[in-house]
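**Student:** Sequence:
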Amino acid sequence: MTFYIVASGAYCENITDELPSLKKRVKESIGISVRRVGRFIQLALIGAGRASLGLPQHTGVYLTSGPGDMAATVEALKTIYRQEQAPGPISFINTVSNAACFYVAQCLSLQGPSSFVSSRYFSMEAGLKVAQLELEAQRVDAALVGVVDVVVAPLDEHRQRLGLNASSVLTEASHWLQLVMAPGERPVLATLQLVRQFPDRQALSLWLDGQSFSVDNFFAAGQSLDEQESDEWLSELGLQRFECCEDIGYFDGKVGRVLCEFIARGENSLLYLNADPHGRYMAIVLSKN
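Heads up: the sequence shown runs through residues 1 to 289, numbered per the working numbering.
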């Protein structure tokens, strides 16, 4: 079944020193000021607002993230372990990250269901799969799917949480896609042909053997796919490598960056592969034909 991408929105900035204010960007993206919310929610609003063109009222929101709202989690843990106190109700609730879904739905006047989908290695991939199921069941008229990564100061501690070395560049990012099954008169940016998980490399290889990718199609690898294995797939499939056009630092939701950039400037079709440490794989096929 084909799903049509009719809008996309992205925010992606390297963080080298102090965290920049996001208030102005939030207002530019959604048209209103939002007070007393954390960076994770602000990032979600920026990306979702930029992908909200022509959004129907009965749209589902599917926000994804590997680590979730880490700023809220760190704050709650500091209260528990350093201050030896119970976190406040709002602080505790924000650790589940679903508060960001509420603000996206409220600020964009949406009345569909909303879900926060957390997956350490397949963040946006999992959100896209949930959105497909909701669209197929006709529970929503459109799906707004996003992946958000927030940086928490101090930067050296944040690098340690992510298992990065001291020289690694950190990036805050918010990437969103608007999906529909019936675009009508709306321009289609790309079609989502496939989002599929494979239990192991053999299953992925069997599936790839049955596909017919042409040499003018592109290949991109997720950050969890080993570089050597990525090169092996690229050589075996005979595809062209798709690279993001700007140097960006580390963030978990690289898949969002790849998909949004391919929609903006790619050609033909894209095969995206990612893997987790347990030997499972995720494939996405995007087409601009």
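Treat the hints with care, as some may be off.
Unchecked claim - Distance ranges between label pairs, derived from CB positions:
hint : residue 1 : residue 2 : range
1    : 93        : 228       : 27 to 33 Å
2    : 264       : 196       : 23 to 29 Å
3    : 32        : 288       : 43 to 49 Å
4    : 202       : 56        : 39 to 45 Å
5    : 109       : 188       : 21 to 27 Å
6    : 109       : 197       : 14 to 20 Å
Keep in mind that the hints were calculated from the coordinates and are not lab data.
Virtual Cβ for every residue (Gly too), placed ideally from N, Cα, C.
**Student:** Going through the numbered hints above, which ones does this structure break? Give me the numbers in ascending order.
**Tutor:** 1, 3, 6
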